[in-house]
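> Use these hints to put chain Z onto chain U, whose structure you have.
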Amino acid sequence: MSTILITGADILGEGRADVLIRDGAIAEIGSGLDAQDAQRIDADGLIALPGLVDPHTHLREPGREDTETIASGARAAAAGGYTAVMAMANTTPVTDTATAAEWVYDRGMQAPHVDVFPVGAVSKGLAGAELAELGLMNRSRAGVRMFSDDGKCVADPVLMRRALEYVTAFGGVIAQHAQDPVLAPHTSCCDEGPYSGQLGLPGWPAVAEESIIARDIMLAKAAGSRLHVCHVSTAGSVELIRWGKAQGVDVTAEATPHHLALSVELLQSYDSVYKVNPPLRSAEDIEALRAGLADGTIDVVGTDHAPHGLADKQHDFEIAAFGMLGLETAVSVICTHLVREGRMSWADVAQAMSVRPARLAGLTGHGRPLAAGEPANITLVDPQASVVVDRDASQSRSRNNPWHGRELHGRVVATLLRGQATLLDGMVQPLTGATV
Amino acid sequence: MKLPHLLQIEGLDREQITTILDTAEEMEAVGQRELKKIPALRGVTIVNAFFEDSTRTKMSFDLAAKRLSADTMAFSGKGSSTSKGESLRDTVQTIAAMGIDGFVIRHKGSGAPQRAMDWTGLPVINAGDGMHGHPTQALLDAFAMRHALGDLEGKHVAIVGDLFHSRVVRSNLHCLRTLGAKVTLVAPPTLLPPGVRDWPVTQGCEITTDLDAVVEDVDSLMMLRVQRERMSGGFFPSESEYTDGWGLTRERLARLPEHAVICHPGPMNRGLEIAPEAADAARSLILDQVAAGVSVRMAVLFHVFSGGEGSAA
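Going down the list, the protein sequences come from chains U and Z. Numbering-wise, the first sequence is residues 0 to 435 according to numbering that gives the first Met the number 0. Numbering-wise, the second sequence is residues 0 to 312 according to numbering that gives the first Met the number 0.
The set of hints was computed from the structure by calculation and includes no laboratory data. Some hints here could point you the wrong way.
To be verified - Some chain U residues near chain Z, calculated using beta-carbon distances under 10 Å:
1) 191
2) 196
3) 201
4) 265
5) 267
6) 269
7) 310
8) 317
9) 318
10) 382
Ideal Cβ placement from N, Cα and C applies to all residues, glycine included.
For reference, chain U alone in the conformation it holds in the complex (with noise of 0.2 Å):
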């Protein structure tokens, strides 16, 4: 395996430093290091975080690979700074068997951008009836800690229940996509409010989602099990988990890079690229989202990156698909909206996007400290730099990105997975294995 000497680096805690990688984990850290055979990266004024982990991708594969691919959605996160995504279960077929699992977990190991791992449905087929082969999928190859029928809210509180009791068996965790289907059917588009009722978009209001994540931590609580609550929207959901931990009920909750920074102000366009579930909220929601993150009362940072085609973005706004892409921003759009604003340090965005994201996937070799002995997972940020973002750059497959054309702050210089670099100046690098 090939030596990387890293140097000049800003490691959080250990200050200005060199990092010596060997055979894909940390040999050393430390100031002068030198090694004759090393390839070096000059990371002069550029920060080491930990490998971003990202607890919430659609892949799209199998199904939709005209949209993404696992392998293109791997070189997007290597492009973003990932190092380990977490696949969401509602493909094509649902990632509903120990069998489908392996699939996509399989599929990752060809993948060489980035470690792929599946979430298992809850239900079979996403239907939210019957509870999906969770047991079966942890035990598989897959080894599968996280289950969501993320896209749909398992709504029966039965089903939920059982779902919550069942994985306390083998530590597992329930992600659970907050959305009362008769307070907020499907057709449900714009946060509602007074944008909904001016533009004349079905609303999508938010005791839907409050009303679901005050029931699941009650069922948590009385399972003694895990909740985890995806893409929080609202003030009133902030509030809510706050009040659930200070139950002692354990409950986490992630916050999207999009909900932390665009508001439904934005539908006045009536550009589906803006069209995401749950709904872009308002500026109130925003800066509770931002708050919630800071206290760490939102744990983490999920991207629900989610590539569409062109063909399921060009309608009205009522019939276009839900979701924006994101792994490729994330980092920015943390770094514009909350690093520069002095509401997180790099410190806390390690923490919310690499540490506690691979501890609630039960991730071992991901999120882990830089330190000798550990794996060379790791990303560079120049802190420094600034992006016009231009979608035709993206590795996706899919252009719905919503950031087209805005500048944002702070940009991911290099990746590195197990010690090879997936993306070095910029550029994400040719490995050989994807199947793009």
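Leaving out everything else, chain Z in the frame of chain U:
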């Protein structure tokens, strides 16, 4: 006056609205001639793209365009490429590629006319989009009321009923307030649009659930259709309870000030939101509204597609 398009009333100032209404007066005179046609839009091709069912609005636009000598093509969402799954963008760009001059678009999706304009770069007139807007309806309502009541400055208009689903009310609010009218919104609590009290246009408006407290103080009572086809989840307990609370019944008709007029954008649910006696009363402007529709749409087409130079008629 040149209008680049007409997607919504928002953004039009009082002078622009008044100019459209004044032009409509001239167009109305055209409709009373023996030869009901002028050459203002000769050589202009307009596509009436009605992705959603419509009878009166479609006919009204078509007649208006023909009276201006425009060539029209009709497009219906039913049986078209859209029913085969073609995207809105592909559909409008395909039509635009035929060398047309602009669109009149009705669509069940809010914002569809705006997106069609974004994608084609052609002028678009919104003929009703989802629950968002219906600007020519608002203009024709104002036209009909101006005929009956004179200048609308200071006049009190109450808009009553299914505000939640109504694109008409959203456009009327902007139009009437820009013209200086006092507007009161009346509806059951469940049929008030989300966040309506926080809309910029409703600041200074009274919003109430009590029709009886309003009915003796209005110059115009605009009743809205209960959109049964959009109702699910029980917005009100029964039709009789709705009529009791928010219908223009014979009893309420009797309490209207003598000079007050009645409007309804149609089609009506007789006996539900409006009693037959009210719909057919001498003070009812319902057929005047329909007639005004042609004149107002002629005026809008004229200002969008001719550049509005010189005399309209």
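> Against this structure, judge whether each hint is valid.
How the hints compare with the structure:
no.	hint	result
1	191	5 Å, holds
2	196	4 Å, holds
3	201	8 Å, holds
4	265	12 Å, violated
5	267	9 Å, holds
6	269	3 Å, holds
7	310	6 Å, holds
8	317	5 Å, holds
9	318	6 Å, holds
10	382	36 Å, violated
Consistency note: the structure conflicts with the earlier hints numbered 4 and 10.
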